[in-house]
Each structure stands twice: as C-alpha cells, then as structure tokens.
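Protein chains: 2
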Amino acid sequence: MGGDAGPAVVVPGAAIALERHPGVTFLLFGDEGRIAPHLLEHPALLTRSRIIHTDAVVEMRDKPSQALRRGRGSSMWLAVEAVHKGEADFVVSAGNTGALMAMARLVLTPMVGIERPAIAGQWPTLTGACIVLDLGANIGATAAQLAEFALMGAAMARAVLHIERPRVGLLNIGVEEIKGIEEVKQAHAWLKENELPIDYIGFVEGDQIGQGIADVIVVEGFAGNIALKTAEGTAKQMAAWVREALSGSIAAQVGAFLAQQGLRALKDRMDPRRFNGGPFLGLNGIAIKSHGGTDALGFASAIEVGYDMAESRVVERLASDLDALHGKLGEPQQARGSS
Amino acid sequence: MGGDAGPAVVVPGAAIALERHPGVTFLLFGDEGRIAPHLLEHPALLTRSRIIHTDAVVEMRDKPSQALRRGRGSSMWLAVEAVHKGEADFVVSAGNTGALMAMARLVLTPMVGIERPAIAGQWPTLTGACIVLDLGANIGATAAQLAEFALMGAAMARAVLHIERPRVGLLNIGVEEIKGIEEVKQAHAWLKENELPIDYIGFVEGDQIGQGIADVIVVEGFAGNIALKTAEGTAKQMAAWVREALSGSIAAQVGAFLAQQGLRALKDRMDPRRFNGGPFLGLNGIAIKSHGGTDALGFASAIEVGYDMAESRVVERLASDLDALHGKLGEPQQARGSS
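As you go down the protein sequences, you meet chains H and V in turn.
Just add 4 to the spot in the first sequence (first one is 1) and you have the working numbering.
Just add 4 to the spot in the second sequence (first one is 1) and you have the working numbering.
The set of hints was computed from the structure by calculation and includes no laboratory data.
Keep in mind the model is a prediction, meaning the values are calculated, not measured.
Please note that a few of the clues may not be correct.
Note that the list lumps identical chains together, so a pair holds whenever it fits in one copy or between two copies.
[As the list claims (entries may be wrong)] Below are the DSS-like pairs computed for lysine-lysine, each with C-alpha atoms no more than 25 Å apart in a straight line:
(1) Lys332 x Lys189
(2) Lys240 x Lys332
(3) Lys332 x Lys196
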C-alpha cells in the first residue's frame, strides 16, 4: 500500500467504499503488520477483506525502470497481477505513478492496436464534471492516438458520468494557420467524418473545459498535464484570494459567517477529493491511480471510479469501439504493435 | 484601428495612457472620420496626436496570409511600418492577432538568430505577476528556442516588472522517464550550465505559475496557450461559483454586502484589464497585441507594456543577450536563418 499515508488512508477509504457498495470484497496488498491494526477498526470491512502480505514495496522515489526490475513481488506488482489473473476486477493505488503505469502496462498489456495508454481524470465543471485525457502518460500524440483517446475517454464518461453518447471535444488553440497542429487537425477530420459512438463537437479551447461544453476533452499528455496542474493552481490561488477577501475586516468576517452555507457548498464543489482517481485507459484491465496525498474520502472516490468502470464492463466495450475505429481509419492494427 | 470597438476603445485608452505619461505622442492609424469624433472628446490627447488616415482595414476574420497579401496600406500595416521607420517607438493593436503577428514579423523582421518570435503575456500571481511565453505564436519549440524564450521573457520582465535579474522557470510535467521532453531537458541543461543574465530556477509545474514562484515561465506555444486559456476559464468558473455562494440566500447576500470591500479588492486583483497587452518578442521593434474585447482601461494597460518596453530599450538589450546566448550554445547564428 502506497501513497503518503499508506494503510491509514487506504483502509478507511475502502471502508467508505464498502458502505456505498456493500457487495464489494477487497484484496489488500502490503505489510500485514501495518494493515491489520487499521482493518480491526472497520469490522464490516474486515469480514470482506483478505490481506495478501508482502514486505516488498515500490518507493515513491523509485524510477519506473527500477520499479520494473526490482518491484516484482511488491504490493503494487501483486495487486496489478491480481487484475491480470482475474482475481480482482480493478486495482487502485496511491503509490508511485510512473511505477504503477509501467507495471500496469507490462502486466495488463495494452489493448490490440493501442500503442499508448493514457491517464484520464475527472475535471469539475460548472455543470458537473468532464473527463480529460491524456494527463501525462505520454508526451505528444499522433492523430490516430488522439482519435483513440476520444474513444477511451468516451468509455470512461459512459462508466463514470453515465452518459451513453458523450460529447467529445479536441483541445486546440485559437491561432489560425500556424505550423505543427497537423495531428490535431487530422484527428479532427477523422472524428468528424467517421460514425463513432460519440457526439464529436469539434475543437475546444482551454477556457471552455470548465464550462462543461464537453463530456470528454482530448489532448496530448504534455499540454494535458499542464492544463490540469494550471487549473488546480488557479483554483488554489483564487481560493486564497477569496479567503483573504472574507477575512480582511470585521465586517468581512461577519459577512463570511452569514454566507457560510453557500461558502461551504462552494468548498464542496471544488473539493479535489470528489474528483480523485485517474484510470489508465487502453489496457486489458482496470488500474486506477489515486492521488498520493489524498485522505480516506479521496481514496474512496478512486475506488468508486474503478467500481463504475468494472460495472460498466469498460474494457470489453472499449475494445470493440477501438476495433471499429481502426477499421475505419484503415490501419492494420497488427502493424502498430502492442508493445 | 481594430478590436471589437475600434476608436471607441482605442482613443479613450490612449487618453488614459497620456494621463500616466504626459510626454507621449500618438500616431492614430485608421479612418479619420471615425477617429476624429472620439478624439475631440479628449482635448489633451488631441494636441498630442496625429491621425494617419486610411480606408484599408484588416478584418478580424482575415487569415494572416490574406492580410499580408491585401493588407498593405491598412491601418495595421502602416502602424507596424511606422515602428520599422522609427516614426513610432512601439505599436499597439487590438485587431486580428494572426495578421498582426504576420505583419510584425515581415515588416519588423526577427532578430538575428531568432527563428521564431514568441507572444508573451502577464499572468497574475499571488505575489504580483509573472511573464509567460510562448502563448501561441508557434507550436512546439526546440531546446535552443526555449533558451531564447527564457532571455526574451527576462527582457520583458526587466521592462514591465522592473526586475533586473528575473527568476526564470521552464514549464514541465512531473512524470519521470517518459519520452518526448528531450527539448525541455536540453534547454534545462543549457540554462543551468550557462552564465546568463537570469536567475534560472529549473523546472516548474503548472500549479506553480500562479504562486509567483518565477518571474518568467517558459513553455512552447501549444501548451502555453492552453495553460493561459485554462487558467482564464478556471478563474471565471470560480468567480461564478463565488457569486453563487454569495447570493444563494438572504443571509449570504447580507454577508456579501458586509464583505464588499474585500470582494471589490478581489475583483480588482483578478481584473484581466490590468494584465492586458502581449508583446511579440524576438523582433526588431516592439509590437503589442491588445485583447480585442477589452475596454479603454485594458487598452491603456497594453500601451503601458509598450511604453515600459520602449523606455527600457528592450530590443537592444535583448539583442545583446541573445548574441551572448548563441555564442554559448556554439551555434552559428547565420545558419539558423532569420526568415
């Protein structure tokens, strides 16, 4: 069990998830001596959990390549392997992102025709939430990969947002006639022309993500990661300013007290724990990355994402969608490898 | 005169700028019949302005290539040409961004060794403001171009933020050992190793921009534009939520009334008009793009950016900085062209 707090967050997080979905059972991978005391505090969870003990851990500072070489037998490895073996429907980890990605890719293997799995995430919008991908599994993306991301994101939107035919937008910039966005333009043409199980709405700019203009936003991983982090930073910056505005004088403090109900709702809306849980999409199995610094409630959200994805049989559905896409793009799937 | 409102914004904007800097004189390019009535409302400005009449305009919908072909003699062209001829110290336009960029590049020409001018902008932070570039003049950037952006942004920070040795950060993503950021890594190595007139602080992630961790943030134009737009969108989204939180009940409305002073300060802090005015950097002359939808106060901010840059002789200083950089990178400047 990874993350900043290990079992102290993961176990109570699982307990919250169990309250929401009483039919779930849990495999808890890690140091039994550290897990058990927390588990004893949650009797209901205790009866529905099995601890798979291991001393081996992937450290937060390990590089993905080190984790792959030395991490076999670690809690992370065993948890991912349990999904591959069909012993678990999905894996959730708050540990080392790069290591989890590398292990998930190696053990679960990419779907046929998928070169690059993506990391997706939920993004709070004025109207609810949308899915954004890729958030940094890879840098850059070909037109075909962007088209694949569209279907991968749509599969997640179906599972998590419960929208059967999600509106999908392609993140682009507004400047005309400049070099270098050939991939984005080509993906745009493909998504527009082909009959796919999505409602493709065209190009979207960065300021439209939060408006809820689309259910799925597709972008290559460098810009996607920067967009996500920038939005998080801006939200924090604004929250600091709002706090300052509401504490600068006695009158402001009284005002904040009077408005506390609305302000609490605002805080809840922005609560990153509600949107925690980023799946790796494009693999033959479900692996969810939880933020390393989240708490039990946040970890429960990440479990919820995995639960919804497993429930909606996202992998099977996505496999058939991708098959149809590759047929339309006329690309020999085999030639693209599944390394 | 371009932008959504033309002379109705540009002329009163110039009047505000003149109040701040009484020594400035203005060349106003456009339709005299439309400009003159506005000018008559500002007697002080009238005595320090000259209208250069032209009927030809670059339309907001014109593509840059069309603007270059048909736009000679337009107000935009003549204004840029005035800078080239030394008749003006800088040009500010609220018109078509792509056209302005194309004309500025063609007429002012890039500095020796600069392949790609960049668009820079001011970004409000918790501690004041920082400069971010490239905001979309080009997609992608080589390591050498990123290093050039660092110096270009530093020159602007010196002029506009009045910081002699700006802290410069390179925008990157936190995921280790992934492909495709060779350019960013190489630029990082160069900036770290070479003695340059900046305080290079290393990699910065998207959530650190608004914290004011650096005075200059360097990124290629696609991700830079997306970051900017995403931050703008997030700020608007949060503002909508705050408004909602402070109007949902009578108590909240009274609270907002009591906190109005702080809330007004908050609004002022976020006011995009204060940060309006994005220069094209890397050209032999100063050209500033104002937001097309801004008002007089916003246009005055854009003039202020040009004024500060001209005052600090940013072009001359930057030319010598770039010269030093190219010497250190050991690249033959001539070979890189200045198309």
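For each hint, the structure was consulted:
When the C-alpha separation of Lys332 and Lys189 is checked against a cutoff of 25 Å, the pair qualifies only within one copy, where the shortest distance is 17 Å, while the shortest distance between copies is 38 Å. Taking the closest pair of Cα atoms, Lys240 and Lys332 never come within 25 Å of each other, the shortest separation being 43 Å inside a single copy and 39 Å across copies. For the homomeric pair Lys332 and Lys196, the shortest alpha-carbon distance inside one copy (12 Å) is at most 25 Å, but the shortest distance between copies (48 Å) is not.
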